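Chain B: place on chain A using the hints.
The primary structure of each chain is shown beneath.
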Amino acid sequence: MSWCNDCKAMSPLDALTLSPFITQIRESAILYPWIQIIHLISLCGFLAPVLVADLIILGLIKRKSLLFPFVKNSAFQYVFLAIAFVSGALLFLTATNRIFHSFWFRWKIIFLFVALANGLYLKWHIAPSIGSRDLSRLKKFAILSLSLWSVILILGKLIAYGWLDCGFATHPILIWFIQCE
Amino acid sequence: MLFPISLLEENSLGAFITNNPPFFLSILLVHLLSFVALLALQMVLDLKNLSVWSLSTADKRELEDLIKYRWAGFASMVFSGLLLLIADHEKLLSNYFFMAKIALISFAFIFSIFIRDPYYRRHSDSGLTGKLIALVSISLWLATGVLARWVGFS
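In order, the protein sequence lines correspond to chains A and B. Going from the first sequence to my numbering is simple: count from 1 and add 62. Going from the second sequence to my numbering is simple: count from 1 and add 171.
To be clear, the hints were calculated from the coordinates, so they are not data collected in a lab. Fair warning: there could be bad hints in the mix.
Keeping only pairs whose Cα atoms sit at most 30 Å apart, straight-line, the calculated DSS-like set for lysine-lysine is [said to hold, decoys possible]:
(1) A/Lys202 x B/Lys302
(2) A/Lys219 x B/Lys239
(3) A/Lys219 x A/Lys124
(4) B/Lys239 x B/Lys302
(5) A/Lys185 x A/Lys134
(6) B/Lys239 x A/Lys134
(7) A/Lys134 x A/Lys124
(8) B/Lys239 x A/Lys185
(9) A/Lys134 x B/Lys262
(10) A/Lys126 x B/Lys239
(11) A/Lys124 x B/Lys262
(12) B/Lys302 x A/Lys219
(13) A/Lys201 x B/Lys239
(14) A/Lys126 x A/Lys219
(15) A/Lys185 x B/Lys262
(16) A/Lys126 x A/Lys202
(17) A/Lys201 x A/Lys219
(18) A/Lys126 x B/Lys262
Just a sample of chain B residues kept apart from chain A, beta carbon distances all over 10 Å, derived [as the list claims (entries may be wrong)]:
(19) Ile188
(20) Val207
(21) Leu212
(22) Leu218
(23) Val223
(24) Trp224
(25) Ser225
(26) Ala229
(27) Val249
(28) Ser265
(29) Asn266
(30) Ala274
(31) Tyr290
(32) Lys302
(33) Leu303
(34) Phe324
Pair by pair, the computed Cβ-Cβ distance ranges are [unchecked claim]:
(35) B/Val307 x A/Ile235: 46 to 54 Å
(36) B/Ala229 x A/Leu182: 26 to 34 Å
(37) B/Thr228 x A/Val141: 19 to 27 Å
(38) B/Leu184 x A/Lys124: 39 to 47 Å
(39) A/Trp186 x B/Ser310: 44 to 52 Å
(40) A/Cys242 x B/Phe278: 43 to 51 Å
Note that the coordinates shown come from a computational prediction; the quantities given were computed from them, not determined experimentally. Glycine included, C-beta positions come from ideal geometry on N, C-alpha and C.
Pulled out of the complex, with its shape left as it was, chain A reads as follows (with noise of 0.2 Å):
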């Protein structure tokens, strides 16, 4: 690695963080933002089916069939999960000291397991049966993904702002959360 003298000394992520590439982004004023419009737009891509299945299971769209083309191809949804995924890792990447101390990032990786183990919940093993069920059983599922993908963006765009960063955080409890030094 001959971009960096110490790598020795660091960890693996702050190597990578200094690495030519990420230093690219980071300095860039058009690679990062288009890094974000990317994130921002593959998002709304994942969102999309989702979105719709949410809405049948609340019967706000009638017809009942809709649902198994939006669950059962899920190619489109899974090459828009990707491409957020490694949009928002390179985001991650360019500022990981701050963001991995982040109050709202923390939240959001955690509502983000618990929105993503839902949907999968949802697809694995009520979809296939779906003909058979009574999608009223299904609203509270609904109502909670469309909750937990609100919360998820709002955390992204508060992330943005530094309140509750490490040095502004005084609470004990929120400083072992965020694990300032």
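Structure of chain B alone, referenced to chain A:
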């Protein structure tokens, strides 16, 4: 153009929003959520006509009902956007990306009202024309999203 600008400068709502950071942030978050809902629904509406999902004609027709939710997202986005404009009009009105964004939103809105939506009310199976309309429509809304995000960086 002078009248709306003077209206923005003389009202106290702008000062109230600017002096209340939590209120400003709440409006910004509503704006973001409305935009994501609008873009996600528009993606469903247009990508179904680009055959991303294998849907029957009846399914496609049913999905056109999403238009009402898309307009709800649009209305919420415009309302929250107006509040943000009132709060930050000096910066925004001198920003070329913001002006381009407003022009593009207007164009996307007119395209949806007069071309896209009437076409799909008449034709449920999208041929080459339908696919072209879907492609233009999704491109317009995506470009709006790109410009919207770029305003924050400029």
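Comparing the hints with the structure gives:
no.: 1; hint: A/Lys202 x B/Lys302; in the structure: violated (36 Å)
no.: 2; hint: A/Lys219 x B/Lys239; in the structure: holds (27 Å)
no.: 3; hint: A/Lys219 x A/Lys124; in the structure: violated (33 Å)
no.: 4; hint: B/Lys239 x B/Lys302; in the structure: holds (21 Å)
no.: 5; hint: A/Lys185 x A/Lys134; in the structure: holds (8 Å)
no.: 6; hint: B/Lys239 x A/Lys134; in the structure: holds (25 Å)
no.: 7; hint: A/Lys134 x A/Lys124; in the structure: holds (19 Å)
no.: 8; hint: B/Lys239 x A/Lys185; in the structure: holds (26 Å)
no.: 9; hint: A/Lys134 x B/Lys262; in the structure: violated (47 Å)
no.: 10; hint: A/Lys126 x B/Lys239; in the structure: holds (19 Å)
no.: 11; hint: A/Lys124 x B/Lys262; in the structure: violated (45 Å)
no.: 12; hint: B/Lys302 x A/Lys219; in the structure: violated (34 Å)
no.: 13; hint: A/Lys201 x B/Lys239; in the structure: holds (21 Å)
no.: 14; hint: A/Lys126 x A/Lys219; in the structure: violated (34 Å)
no.: 15; hint: A/Lys185 x B/Lys262; in the structure: violated (46 Å)
no.: 16; hint: A/Lys126 x A/Lys202; in the structure: holds (17 Å)
no.: 17; hint: A/Lys201 x A/Lys219; in the structure: holds (27 Å)
no.: 18; hint: A/Lys126 x B/Lys262; in the structure: violated (47 Å)
no.: 19; hint: Ile188; in the structure: holds (17 Å)
no.: 20; hint: Val207; in the structure: violated (6 Å)
no.: 21; hint: Leu212; in the structure: violated (7 Å)
no.: 22; hint: Leu218; in the structure: violated (7 Å)
no.: 23; hint: Val223; in the structure: violated (5 Å)
no.: 24; hint: Trp224; in the structure: violated (5 Å)
no.: 25; hint: Ser225; in the structure: violated (6 Å)
no.: 26; hint: Ala229; in the structure: violated (7 Å)
no.: 27; hint: Val249; in the structure: holds (18 Å)
no.: 28; hint: Ser265; in the structure: holds (19 Å)
no.: 29; hint: Asn266; in the structure: holds (14 Å)
no.: 30; hint: Ala274; in the structure: holds (18 Å)
no.: 31; hint: Tyr290; in the structure: holds (21 Å)
no.: 32; hint: Lys302; in the structure: holds (16 Å)
no.: 33; hint: Leu303; in the structure: holds (20 Å)
no.: 34; hint: Phe324; in the structure: violated (4 Å)
no.: 35; hint: B/Val307 x A/Ile235: 46 to 54 Å; in the structure: holds (52 Å)
no.: 36; hint: B/Ala229 x A/Leu182: 26 to 34 Å; in the structure: holds (29 Å)
no.: 37; hint: B/Thr228 x A/Val141: 19 to 27 Å; in the structure: holds (26 Å)
no.: 38; hint: B/Leu184 x A/Lys124: 39 to 47 Å; in the structure: holds (40 Å)
no.: 39; hint: A/Trp186 x B/Ser310: 44 to 52 Å; in the structure: violated (35 Å)
no.: 40; hint: A/Cys242 x B/Phe278: 43 to 51 Å; in the structure: holds (48 Å)
Against the hints set out earlier in the document, violations occur for numbers 1, 3, 9, 11, 12, 14, 15, 18, 20, 21, 22, 23, 24, 25, 26, 34 and 39.
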